[in-house]
Structure formats: structure tokens, C-alpha cells
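First to last, the sequence lines map onto chains W, E, F and L. Taking this note's numbering, I'd label the letters of the first sequence as residues 12 to 340. Taking this note's numbering, I'd label the letters of the second sequence as residues 12 to 340. Taking this note's numbering, I'd label the letters of the third sequence as residues 12 to 340. Taking this note's numbering, I'd label the letters of the fourth sequence as residues 12 to 340.
Check each hint, because a few of them may be wrong.
Examples of chain E residues lying across from chain L (beta carbon under 10 Å, computed) [said to hold, decoys possible]: (1) Pro303; (2) Leu309; (3) Cys318.
Honestly, the hints are just simulated from the structure, not real lab data. From a predicted model like this one, the values you see are computed outputs, not experimental measurements. For each residue, glycine too, the CB sits at the ideal point set by N, CA and C.
Chain by chain, the residues:
Protein chains: 4
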Amino acid sequence: MAALFRGSRNVLLRWNKHVDFAFVSSRSMASKTPVGFVGLGNMGSPMAKNLLKNGYPVIATDVFPESCKELQDIGAQVVDSPAEVAEKADRILTMLPSSPNVIEVYTGPNGILKKVKKGTLLIDSSTIDPAVSREMAVAAEKMGAVFMDAPVSGGVGAASMAKLTFMVGGVKEEYNAAQELLTCMGANAVYCGQVGTGQAAKICNNMLLAIGMIGTAETMNLGIRLGLDPKLLAKILNMSSGRCWSSDTYNPVPGVMEGVPSANNYQGGFGTTLMAKDLGLAQNTATDTKTPIPLGSLAHQIFRVMCSRGYANKDFSSVFQFLREEEGQ
Amino acid sequence: MAALFRGSRNVLLRWNKHVDFAFVSSRSMASKTPVGFVGLGNMGSPMAKNLLKNGYPVIATDVFPESCKELQDIGAQVVDSPAEVAEKADRILTMLPSSPNVIEVYTGPNGILKKVKKGTLLIDSSTIDPAVSREMAVAAEKMGAVFMDAPVSGGVGAASMAKLTFMVGGVKEEYNAAQELLTCMGANAVYCGQVGTGQAAKICNNMLLAIGMIGTAETMNLGIRLGLDPKLLAKILNMSSGRCWSSDTYNPVPGVMEGVPSANNYQGGFGTTLMAKDLGLAQNTATDTKTPIPLGSLAHQIFRVMCSRGYANKDFSSVFQFLREEEGQ
Amino acid sequence: MAALFRGSRNVLLRWNKHVDFAFVSSRSMASKTPVGFVGLGNMGSPMAKNLLKNGYPVIATDVFPESCKELQDIGAQVVDSPAEVAEKADRILTMLPSSPNVIEVYTGPNGILKKVKKGTLLIDSSTIDPAVSREMAVAAEKMGAVFMDAPVSGGVGAASMAKLTFMVGGVKEEYNAAQELLTCMGANAVYCGQVGTGQAAKICNNMLLAIGMIGTAETMNLGIRLGLDPKLLAKILNMSSGRCWSSDTYNPVPGVMEGVPSANNYQGGFGTTLMAKDLGLAQNTATDTKTPIPLGSLAHQIFRVMCSRGYANKDFSSVFQFLREEEGQ
Amino acid sequence: MAALFRGSRNVLLRWNKHVDFAFVSSRSMASKTPVGFVGLGNMGSPMAKNLLKNGYPVIATDVFPESCKELQDIGAQVVDSPAEVAEKADRILTMLPSSPNVIEVYTGPNGILKKVKKGTLLIDSSTIDPAVSREMAVAAEKMGAVFMDAPVSGGVGAASMAKLTFMVGGVKEEYNAAQELLTCMGANAVYCGQVGTGQAAKICNNMLLAIGMIGTAETMNLGIRLGLDPKLLAKILNMSSGRCWSSDTYNPVPGVMEGVPSANNYQGGFGTTLMAKDLGLAQNTATDTKTPIPLGSLAHQIFRVMCSRGYANKDFSSVFQFLREEEGQ
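Excised from the complex, chain W in its bound form (with noise of 0.2 Å):
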């Protein structure tokens, strides 16, 4: 992923010193007693692996069996609905593509609420609207359950090797006893607020993200245009006040720095179909909150037509070749 959150490897480090020591739940005591895990897809099952690394019992499930097949393998018990995972599990993480599947998992017919014990700490890491993270909070609440919501940045790569960032929103007492987890499976932890503002987060960082990317991507191709040298002209925004991350870290132009997507064809990164996606929620958090958001709308369509013009799955930076004029043309 456009990674957010990396190089900063010492940021749970300096985080920490706003954390609240005075309360540590009987849960964090608690370690190594089972933890369930709720969506075993390319995000989810390395993560629930990391868990078994690190020596927690995992009760996991999956709609699909063969994702659940894999980690009963190493030692994961599978279970047959996240109702069931609920009975076994007084912590649960759930990693899930959409609203529509968490609204599912924790409130449907077979869903975690209707099975929750009380006192159990619910970890939602999907990227999902806001609202629903707070509707979700409030339904566990009824049921005594605690839900906090903690998307992560970083792609199956950082997954896999438990170098994720979460972004954590819910009640501060709680947040120590969610840490001991996410630092199983990932990097740092930032806490941000009461529920639903760790999606908040992760939705405004990565619609400002957008925005530079295309950005950067429309005065390179105007700067070549007019006669600059594309390293050169990165150099100078990079020393100016148009210096971003795009600009100086992911820059869209092809021979302007290595080891990026736009020096291997756009291949692996962050697809624009994800960044559309985020910029969707983003949409949708603006539109309720009655804010006005002109430039990550446009960069919202701008991807979106893109995913429809053959660039779904490359990087979101080719948004520099889509503008670019066309060979042959």
C-alpha cells in the first residue's frame, strides 16, 4: 500500500507516552487466553497467523472453508459462524471487505452479537463508513461487549510481516487491552478518539493522499511540457512548498525514483480501485457530515473513470500515464 504510516517504525514508541497507564483491563492480563478471528481473506489470514505466532489460541471462520482449511492447518480451531467464534472468544478481531459484511458478521442471524458474552473486546480492523462503526458500538454495548474499530494501513506485504499501522478509535480504557493484539500483528497503533474516528484517520489521510497523487501527477506532465527535466522539477517541488509525499516518496513519473510502482509499470502498490473505494467512504462521510470536500470529490470521479478505463488494478499513481497524452494519438 501507498504506505501510510512508513518509515515511521518508532511511532508506537512515541505514541505511548499519551497512553493511559492507570487502567489495564483483567482482559490484557489475561494473554494467551483464545482469540477469534473473523475474515481469513489476503488481509485477514496473515494477520490471524501472526496471533498464532505469538502464541494465542485462535478460533477462527470464513465463509469460504478453503481460506479456513489453511489456518486450522497450523493450529487454528475453525469454527462455523462468528455466533460460535462469540461463545469461545472473549476477544475478537474482525477483518471484513465492506459495510454491508460487518453490519452482517456482528448483527446478522449467525452474527457475534447474538452469541457475545459480556466484557468481550471486539476489534472491527475493516475500512468501513464511520457511521457504521459507531452503530456497531452501540449495538455491542447493549449486549455488554465493547466494540472498537482499528483499520489499518499497509497491504498484504506489511501484513504478512506484522508491520501494519492501526488507527484506533473507541473508549481510551479499553485501548491498552486492544494494543497487546494489534502490536502482534502490526508495527504501531495510534489512538485517535472515540469510535469510528480510527476510520475517520485512515478516510482523511488517504483522500489527502489522493489528492497530492494527482496533483504531483498533473505538474510533472505540465512541467515536461514545458521543457523541464522530470527529475529536476521533482527536486525543485521537493525543496518548495509543493513538496508531498507523492512529490518526494511515490512520485508517478517513470525514471524519477526507484523501487516505486511507477518504475515497475504500475504493477503492486495501491490499486485505484481501492483508492476509489476510500475515496467512496470519504464521499459518503462528507456528504453526511454536510462538508464540503470539492477537490477530493473530483479526485474521487477522477479515479473512479479510471477503474472503468483499464487502470483498476494498476497503482493508483498511474493516474500520471491516464493524463499523459496517448502514443499514437
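Since chain W is already given, all that's left is putting chains E, F and L on it; use the hints.
Same frame as chain W, but now just chains E, F and L:
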């Protein structure tokens, strides 16, 4: 100004290694011979003073007699027209508000090119359309003179303290000769390429700056409405992929940083009206070169609307205030 | 309102030829049996009165007792909850401000579906997300009832004079039964297709209306600044390919037309805040269906900004005033 | 072309009542004296032929000899330069691709104004920046000649059949004299005001046309995805406030209308590249006059991107195809 190159005092040093020292023109040897200066406004006047301070005799002119008077009092020789300046100096700087002024001063009936001596070095520090810079260079070449564009980054304060940065376009062989004068007036100079690329670099930087600033304002506003603390959100963005100069150095949200216009009711800084002017230049060059700049275009329109809603003279970071809900609505 | 279907009194007639008369439900025979009505606001109240005027007994409810009182005084039976309405009527209309209200009124603890009788016809005239309409239809079907969406075009005036237009989505076989009631409250009804298409038609029309209005405002403003007389420009556009409803029927420039909000300081008409709401629905449906709407999105953002700059309650054609240079700037 | 004034054959008649007949210049009396013509391209050639057909001797020139040859064969006198045309004719028409060509033909070393006779009537039918029209008028006036701008609506077909529409700017007293010639080449002429307003009217119309077309394409696409039948949706829009020329006369969705480019794979009509050019002019005049045109700007960018994605030579209504999801994605 939203200081392009702010805090990069050593840039000149770093850039010097790129400079070709093999050719040193006779002009650059002839230090301390008179230097012409046309355009003694808010920026031009302190620049001309810095030439005087460095021991250069200055032959100056301006359409406003009072501007000339002040410079005359401290030792400059004032003449009646750009043509007369050209008769008396073989190195001439111009600092004018916009393209039409530059055209008039160079090619008008009393313009520099009417009387320019062969071999004269002409340096224009106005911010104008690069196409006009190229036209002036062609016209100068016909008269045997050399024209370079060298727009500045940095405002009146930087001009007074000789801390401007120059982005220079023109024949490379003349760059050293230009640099000799520019370093009396600024801290940095960057050679950008052929004539017009100095303008191009400035325009590109400011376009990306504008996009980053509006993007930051939208994002901070959205995050705040979603329940995030503004300082925390800025911190998260700045250690993440949303990071940009507007988020980490010039944050537009009051209370997040000190010493920036947002901490001072958007006084000082870089006026919205100036940003709208630079975006107009970006738009013009993009239209001329058939380059799509969707976010740059929309940024231009937003600052244009702001100019008509009472923000013309506020710092351009006041876009945060513009987008945020009004009190009492 | 920016009357959708304004001046098209004969539409019903023309549309009728598309109607399938083969199936006439027993409900539509059972005229003058009680009709339920939930939501007695500015729009719902005159609509319910028109049902009474047409001889239908009305069983009504609303969260505000005073709204009920007025209707009770002219003959309606007032009950305590939507559930009670459902016990007493097998044809029910709902007219509510937004999606959450509709969800509550149909599926809440005292909602219609708690007590609905098999075969009941449910008609929702609220303007909401078509996805919510589809959800309500599914929920209704589970109870053996039929749900149709029938949002209106036309404002409070049209509601009072029974001149509304209804865009209707739902099972075609039930359209006649719905039409019997709708024609008591409106002049026109258009059958649009399956459930949700009534909402879709309304949202689509209003999105294009918003784009045309802003486009007209920009164009008129630009033409005036280029020296054209506004009336002459409107005349040229209206006989040319620039023609649209906003230029020829509802021109936003004061002095060009009479009898429109621009002739009356943008009082009356269709409020900016209502247009922003409808564009939010358009944005949501576009995001859900992954449809790019670049101009629709930007139009949404512009009306959203206007809401926060003092234009919330002015007619949406005041975008002309918003874009035009302020006096005294 | 997306025929501005299409189907309005009686416009001239209607407009004539606004014409001041009091002044009839001596030139307009002197019918059938030679008429000069500069620019014999796709549009200019049939226009010049129509002058010949109407009995006017034509003195013509063009930079391409082959263009001249064709006209010579049917009776025109061909000369070597615009200056020579000016020596031999006191009424001259010009039809050129863009602003720089107009500047060259009028003010270049062999330009019209080098040899123009006092009292000559100069009519420029090129579509260019109104500011250039005004410059040419000032330059002509210095030589005692009169310049009018008269850009056309209608394409090559309309030019051949003398069905163009002219939008005319310039001194009103000369309008009758201009009209005498214009009516040989077109069906309609509209007097718009001072010099440059003909251009302004054309640019304004085409900007609103572009906005309406993209808006219609977005709206139709959204409606279709929401389950509406395209013909039904078009019908609803066209009887409602969403109605515009692009929805009711030139609908961009294949299958909705016959006889329009969308019915013929977007062949013929008004090319995307020409629309992008006109929007570039709109953008330039808006920037020069500091007029915000948010939707016009974005429309410009969209057609600009389309030009680089293979749509340059398709009719501009192909924006529907551009925005719609690709097959096989």
C-alpha cells in the same frame, strides 16, 4: 510568501556542483560596472537597493516618479525610460507586475530593445507566462542581446533581506553571469533549463502548492467534523502518506501551528489574489500545451471565487475558513 | 419548486396509454375505504387534506401532535403510531424528510410493518435513497404487503393545489391502484419501472437541473463581463444549442425574466439546502453504483459551500449571485 | 456542428426588427464591387464560393496554393498575400483557424493592414479570443478601416448550403453593410454589440452546450444504472426541469434518438477536439476577466482528457461512452 525553498539556505551550495564553470563571460568579469533596473515596486525597490549595497552602480527607471526618488536618494541614477537604461548598462534586471508590462518595457516604443547594446544580459524576474518569456528572448536575440527569465520565490521580506530564491531559465553559458547579480539579491538560484523554464518551475510549484493547501483544508475540516482533534489529525497526516508542505509547515487550521498565517487570522503570507494570478498562468500554459490539469483548474476556480467573497487579501490558507461552516448559519 | 413537469398538465393523459389496464386490483375497486397517512409536515399535511376533500376517510399520525390536531379538526382520525395506522387501513401513504425517518416509520418498533395487513398497498412519497426504497419493498413483501416509491415534484403550493407530479416505482400491476390515490393529490403521475426507479428519476432530473443552473449562471456571468447584454445573451442561448430549462424558463440573472426567483431577490422557489440534499442522494447512488458523475459531484460541492455562505434558504438560482463579484470588493 | 441556431431559419427576420436602418453606408450601396477573402480552408472555401454564386467578384488568397487553385477555377482572382487583397478590395472577409493566424493575416509584414484603404470593411469569421478581435479593431481603426467579428455557427455542411449563422460584433452603423455579405453565406445573423461580442456569444453558447452535454451523459448513465429505461428517462427529463438541448435534440445515448451522432457511433457532428478548443477560449476569457467558471473549467478538462484517450475526432457527445464502464472490465 508561502516560501518556496523556505529553510533551504544551502541550496545554492548544493546546486553549484551542477554549474559549468568552464565558461566565464567577460561580463561576469566586469563586476561593478553599472546594472540597469526597471520596475521599482514593492519587490523591485528592495532588490535594487541590495545591488547598491553590493557596490553596483544602478541605473533605474519606473513609471512612478516617487518610486524613483527613493532610490535616487540612496545613490541610484534615475533615467526616463527603459530605452535610456539600455543605453547606459549592459546588464539589466526587470521586475514587473504582469505579461503586458514586460512586453511594453522590452518591446514598446521606449523599450529596452529600442536601444539595447549587443551582448547585453537581460534578466526578467517578473512572474509571467513562459510563452512571453520565450518571445522576449527571441526579440532580444535579434538585437544581439541575451534574455533570461528568473522569477523569484519569497515575498517583500525576503527581497529586503536578500533571501529570495531565483528559478532561472535561459542559455546555460550565461547562467554564471546572471548568478553573480542574483546572489546579491537572493540566497538561492536554481538553473532550470532553456528560456521559460524558470517561469515553468515557479508556476508548477505554486499549482501543486495550491492543490495541497485546498486538499489539506478539506481534509482537516472533514476530520474535525468526524470527531478528530485537529492537532492529532495533523500529526497523523504528517507521519503518513497524506503529508504535504501545507499540512506540516503551513497548516491552515488555527491552533495547530504557531508562526503561520492561520495563527494570525490569515494576515500576512501569500495573498489569495496572488495565488489566483499564478493559477491563471498555470491554466493558460496548460491550455496552450493541451495539458489536462483537473485539480489545478478547480483550485484556480476556488481561489477565484474566494477573491470575490472577501478573501482577496487574506493569506491563501484561509481556504480553510472559506470551506468551514459559517457561524450562525 | 423548480417545477419538474411544470406546464405539462396533459402528461397523465399521454402516459396512460402505457398503462396496463388488464389487471385492476380489488383495492382500487374498494374506493373510499380508509387511507392511512404518516407524516403531516409542510408537504404531507396538504396532501392528506386533498385525500379528505376527495372523500377518503383518513387515518393519520405524526410525531408532532400539533400537526395531527389540524388534520383532526377537518375530519381525519388521528392515531398514535404508524403501527396503529397499519391496523386500520390497507392503503397507506408516507411523506417523510429523509431515509432514516422512512426506515423508522416502516421497520421501527412501532412501525407500519409491525401490524401491516396482508395485501396492504404502501406508497412512500419521501425523496430518499432508492436503495432504501428497495429495502423497504423487500421488508414489506415478507409481510405480504406491496411497497411503491412515488416521490413528488412540486412544492408546498403544488401540494395544496393538488398539482404535484409523482414519479412512481414498483410492481406494475399495482400502479393503477396507486394512481387512484395519487391523482387526488397531483396532476400527473409517471410509471418509471421497478421499485426505486421513481426515486431514480427524481434524483436524475434534479442532478441535471443543478448542473444546468450552475452552467447557466457561469455562462451569463461570463457573457456579461465580456460586454453582452444579459437579455440578448439569454435570447441567443435560448435559440441555440446552449438552451436549457434554467436559461429559458428560470433564468438566474435578475432583469432577464419576470415571475422567477431571480426577479424577487431569490425568495421562494427551491431552496439551495434542498438542492444540496438531492445532490447528496445523487452522489450516494453514484458512489454505490460506481458511476462517475464529475459535474454532478462538483455541483453538489458548490451548493454545499453556498449553504455555509448564507445561501441556504435562497432559491438555488442564487448561484448566479454567489459566483458574481461582490459589491465593494 | 452541434448546430447553434439549428432549425431557426426565421431568426434573421425576427432579428431584423432590432436593426437600425437609418444609416446605410455607401459600401452597402456599392454591391457587386469586389470582395476580398483570406483563408480558403474547409469552411472558408465554400463561403467564398457562395459569394461568387451571388455575383460578387472575389479576390482571394491562402497559404496553400492548392486551395487557391480550386477557387480560381471557378472565377476568383487569386493574389499572393493579404496585403494585395487589401489593395484590391474594400470589403474583406477572413476565416482562419486560430488567434495567431488572425494576428499574422491582419498585422503581419504582408498583412491586410499594411495596404488597407481608408473606409475598408473587415469581417473576421474565425473563432478566436475576443481580446484579439478588439486588438485587431483598434489596429484597423488606426488605418481608417472598420473591423467586425462575425464567428459562425454551423459546420462544413451549413457553409456549403449557405445556412451558417453569424454572431456579429462591431460598430452598429456598419452592421447593415456586413449583413449584405453575410446573408450570401448564411441563413441568420445576430447583432451582438461592440467588437468582440460576436466571439463572446459563440464562446458562451458553446461553454453552456459543453456543460449540458456532459451533464446529460452523466445523468443518463446514472439513471440507466439505477434501472431506468434510457428512452423513458430522456422523456421524463425532457418534460421536466432537467431538459436541455443535449437531452432533447442531441441525446448522447445510443438508441434514444435517430439522426444524431450517438445513433451513428459518434461519427460526424462536432468533434471533441473542436469543443476542447472552444472551451480553451472560454477558459482564457474567464481567466482574463477574473470570472469563476467552475463547471466550464471542469468540462474543458474532461474534453481535454478525452482528446488524449482516443476521442479527439468523435462527436463531443461521445462523452457518454467515455464515462460509461468499458466492456470486459
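Hint check: is the beta carbon of leucine 309/E less than 10 Å from a beta carbon of chain L?
7 Å, holds
When the least beta-carbon distance from cysteine 318/E to chain L is tested against 10 Å, hint result:
Because about 7 Å separates cysteine 318/E from the closest Cβ in chain L, which is inside the 10 Å limit, the hint holds.
Against chain L, with CB atoms and a cut of 10 Å, does the hint on proline 303/E hold up?
4 Å, holds
Figure legend: structure checked against the earlier numbered hints; every hint is met.
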